[in-house]
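Engineer: If you want the building blocks of each chain, they are given just below.
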Amino acid sequence: MASITLKSFTGLRHSSPENHHSTTSITTLPKSHHRRVKILASKSSPKLTGRNLRVAVVGGGPAGGAAAETLAKGGIETILIERKMDNAKPCGGAIPLCMVGEFDLPLDIIDRRVTKMKMISPSNVAVDIGQTLKPHEYIGMVRREILDAYLRDRATAAGATVINGLFTKLDKPLDKYAPYVIHYNEYDGKPGSAGKKVTMEVDAVIGADGANSRVAKNIDAGDYEYAIAFQERIKIPDDKMQYYENLAEMYVGDDVSPDFYGWVFPKCDHVAVGTGTVTHKPDIKKFQLATRLRARDKILGGKIIRVEAHPIPEHPRPRRLAERVALVGDAAGYVTKCSGEGIYFAAKSGRMCAEAIVEGSENGTRMVEEADLRKYLEKWDKTYWPTYKVLDILQKVFYRSNPAREAFVEMCADEYVQKMTFDSYLYKKVAPGNPLEDLKLAVNTIGSLVRANALRNEMAKI
Amino acid sequence: MTSSMAFLSSTPTKLPSFSPSSKTHFPINPFLSLKPQRYHFASVRAAEIGSGAAVVVEEKKDSEVKAAEEGNGAPVAAEVEEVGVKFEDPKWVSGTWDLKQFQKDGATDWDAVIDAEVKRRKWLEDNPESSNNDFPVVFDTSIIPWWAWMKRFHLPEAELLNGRAAMVGFFMAYFVDSLTGVGLVDQMGNFFCKTLLFVAVAGVLLIRKNEDIDTLKKLIDETTFYDKQWQATWQDEKKE
Numbered sequence: 001m002a003s004i005t006l007k008s009f010t011g012l013r014h015s016s017p018e019n020h021h022s023t024t025s026i027t028t029l030p031k032s033h034h035r036r037v038k039i040l041a042s043k044s045s046p047k048l049t050g051r052n053l054r055v056a057v058v059g060g061g062p063a064g065g066a067a068a069e070t071l072a073k074g075g076i077e078t079i080l081i082e083r084k085m086d087n088a089k090p091c092g093g094a095i096p097l098c099m100v101g102e103f104d105l106p107l108d109i110i111d112r113r114v115t116k117m118k119m120i121s122p123s124n125v126a127v128d129i130g131q132t133l134k135p136h137e138y139i140g141m142v143r144r145e146i147l148d149a150y151l152r153d154r155a156t157a158a159g160a161t162v163i164n165g166l167f168t169k170l171d172k173p174l175d176k177y178a179p180y181v182i183h184y185n186e187y188d189g190k191p192g193s194a195g196k197k198v199t200m201e202v203d204a205v206i207g208a209d210g211a212n213s214r215v216a217k218n219i220d221a222g223d224y225e226y227a228i229a230f231q232e233r234i235k236i237p238d239d240k241m242q243y244y245e246n247l248a249e250m251y252v253g254d255d256v257s258p259d260f261y262g263w264v265f266p267k268c269d270h271v272a273v274g275t276g277t278v279t280h281k282p283d284i285k286k287f288q289l290a291t292r293l294r295a296r297d298k299i300l301g302g303k304i305i306r307v308e309a310h311p312i313p314e315h316p317r318p319r320r321l322a323e324r325v326a327l328v329g330d331a332a333g334y335v336t337k338c339s340g341e342g343i344y345f346a347a348k349s350g351r352m353c354a355e356a357i358v359e360g361s362e363n364g365t366r367m368v369e370e371a372d373l374r375k376y377l378e379k380w381d382k383t384y385w386p387t388y389k390v391l392d393i394l395q396k397v398f399y400r401s402n403p404a405r406e407a408f409v410e411m412c413a414d415e416y417v418q419k420m421t422f423d424s425y426l427y428k429k430v431a432p433g434n435p436l437e438d439l440k441l442a443v444n445t446i447g448s449l450v451r452a453n454a455l456r457n458e459m460a461k462i
Numbered sequence: 001m002t003s004s005m006a007f008l009s010s011t012p013t014k015l016p017s018f019s020p021s022s023k024t025h026f027p028i029n030p031f032l033s034l035k036p037q038r039y040h041f042a043s044v045r046a047a048e049i050g051s052g053a054a055v056v057v058e059e060k061k062d063s064e065v066k067a068a069e070e071g072n073g074a075p076v077a078a079e080v081e082e083v084g085v086k087f088e089d090p091k092w093v094s095g096t097w098d099l100k101q102f103q104k105d106g107a108t109d110w111d112a113v114i115d116a117e118v119k120r121r122k123w124l125e126d127n128p129e130s131s132n133n134d135f136p137v138v139f140d141t142s143i144i145p146w147w148a149w150m151k152r153f154h155l156p157e158a159e160l161l162n163g164r165a166a167m168v169g170f171f172m173a174y175f176v177d178s179l180t181g182v183g184l185v186d187q188m189g190n191f192f193c194k195t196l197l198f199v200a201v202a203g204v205l206l207i208r209k210n211e212d213i214d215t216l217k218k219l220i221d222e223t224t225f226y227d228k229q230w231q232a233t234w235q236d237e238k239k240e
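Top line first, the protein sequences correspond to chains A and B. By the UniProt record's numbering, the letter at position 397 of the first sequence is numbered 397, and the numbering carries on one by one without gaps. By the UniProt record's numbering, the letter at position 24 of the second sequence is numbered 24, and the numbering carries on one by one without gaps.
One chain only, chain A, in its complex shape (with noise of 0.2 Å):
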């Protein structure tokens, strides 16, 4: 039942179809009649007479616009708030080429194409990464502006509204079918004005406002460990710009970062130069420093253009949804750990997220309730749950001491770790692999940290 109310979103038509099978062949029989009875008790939920279910989407970046989209495509009456329509947002900018293809993107939104990469140890032993990748293969960069506001304007012409406004606070409804109210500050294009105070009343809230986000706050979804991501635009000289032309790199060690990396990524005209930290953030600016001199061959006669700073939630939120009201995106904290991604995840919870509001309420035709969004939070833990526990023990085995890091940038220089880092990141899926290869691996995964203490066990002895 549910793959064939899936099929009929036009929106769908390039998500992959394995998706498709692995829901399906997962439902074993016990499994689907739960899936009928839920259904069942859905149904008992009253159509809407006269109108469409209306869903307020707050916050317009690659989250709210994906899910904005998507409920339109479905039939439903959909509002998108967001504050400030050509916000440059601090980010890495880096998307995965699933997403590409998954969101339709056009390619001239990418700035450039990131084919290789390079990580550099604490004692400088640089290793190049890229050479498994087929010749179609490439790590996109995006500038946050142009591609957050092409998937608004997607939405828009979906048929969803786009409102300029500062979203302020929700009023929970007073009994089960009730509409939640929104409060907003709409803006009417005068520099500097509060803008007018704005009621509204919708039958669900999805939350996309990112990583402070207001309507988490308003259902109490409680609080997550966020790490602070610093990062400086430099722009640097012709020459130095064309080593950069489609490598982006990797700095890891106690000087950089105690428990993230420092990066280097380039983009449209320039490149950004960051690190970024959860456990020491007072010391951001000294990582700052460190990052930028071990860069500083490469980055000699740059000119810092911009320097920006954001948090970037560590783990999920204790709560994600609320009665009506889903969170997505940032706002959940679908951020990975060890690579800190999350336009993609953003982009495709806000998606998951209006598919089972559109499913739930059968095309807008009726209220939606609980139970319905919380098939969303279902499969996006079943789908990516494997992902982020993967990136979890990446992020504490290797992230934990420089000798980890050390043996971490060994690794790297292995074909077989290269090729399995890339097609995991490119395609989102853990892919399982050669059994022998994977027991090579860990045979010198563990030879390479073993060397690596014995070396800083042997320092602390200096």
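Since the hints were derived computationally from the structure, they do not count as laboratory data. Treat each hint with caution, since some may be false.
Footprint (simulated), chain A over chain B, 3 or more residues, beta carbon under 8 Å [claimed, not checked]:
#1 117-131
#2 141-155
#3 224-232
One-sided and incomplete, this derived list gives chain A residues near chain B with beta-carbon spacing under 7 Å [to be verified]:
#4 Ala126
#5 Asp255
#6 Arg319
#7 Arg320
#8 Asp392
#9 Met459
Cβ coordinates follow ideal geometry from the N, Cα and C atoms, glycine included.
Given chain A's structure and the hints, the job is docking chain B onto it.
Structural biologist: Then chain B, alone, in the frame of chain A:
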């Protein structure tokens, strides 16, 4: 303002670590050869950040100038130098250790290679260096053969642990024999004794210092912490 204060407070702490007398095993020559480099670096640094428009950059430049004025002669030189000094060693050639220089009695002295790498890593931890494409570091610890690692690191530790296991084993075997009259060979056939043996071996392997007990507990918590954070949203549903 606070960030410039933070920067000021960070520079003095860096200086003591760079006392030429204690850590370095190198002769005076590297410092002399670095003099021209030092000035070049200072002017280059100004060019890199001098024309920046961001507030952070200006603050940093001000505080750098302040540090130069406030300190005595030595700290000024040391502040620039501490970043400009590079790792140099006659045996470190083209980004790796030149094994030909580590020959002893016709064979490579792997212990000396390990010692050299340890010194290099220690130096770089205290004085991080820029990574340069023209002089890439390509040293891989796996060129040192496995038996060299075994001999140096594993065997002494193994001797220690086996010694502990033997002492515990002997005493336990004697104790059980004196209480039950069951000899060593018969003890090995008993399931309970086999369990005790397993616990003893695991204990000796895992707990080498008193702190290891806490470390193990923390590790076990760590492995399941992330799972708990993800499951938090489902605890709600079960309560309802």
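Engineer: Compare the structure with each hint and give your call.
Structural biologist: Each hint tested on the structure:
1. For the region 117-131 of chain B, the proposed coverage by chain A is satisfied: 12 residues have a C-beta within less than 8 Å of a C-beta in that chain, meeting the threshold of three.
2. With a threshold of 8 Å between beta carbons, the proposed coverage of the region 141-155 of chain B by chain A holds, since 7 of its residues qualify and at least three are required.
3. Against chain A, the region 224-232 of chain B contributes 5 residues with a C-beta closer than 8 Å to a partner C-beta. That satisfies the three-residue criterion, and the hint holds.
4. Of the supplied interface hints, the one on alanine 126 of chain A holds, with its beta-carbon coming within about 5 Å of a beta-carbon of chain B, less than 7 Å.
5. At a threshold of 7 Å, the smallest CB-CB gap from aspartate 255 of chain A to chain B is about 4 Å, leaving the interface hint in force.
6. Because the beta carbon of arginine 319 of chain A sits about 6 Å from the nearest beta carbon in chain B, less than 7 Å, this interface hint is met.
7. Taken as an interface hint, arginine 320 of chain A checks out: its beta carbon lies about 5 Å from the nearest beta carbon of chain B, inside 7 Å.
8. Interface restraint check for aspartate 392 of chain A: the shortest CB-CB distance to chain B comes to about 5 Å, inside 7 Å, so the restraint holds.
9. About 5 Å separates the beta-carbon of methionine 459 of chain A from the nearest beta-carbon of chain B, less than 7 Å, and the hint is met.
This entry satisfies every hint, going by the numbered hints stated previously.
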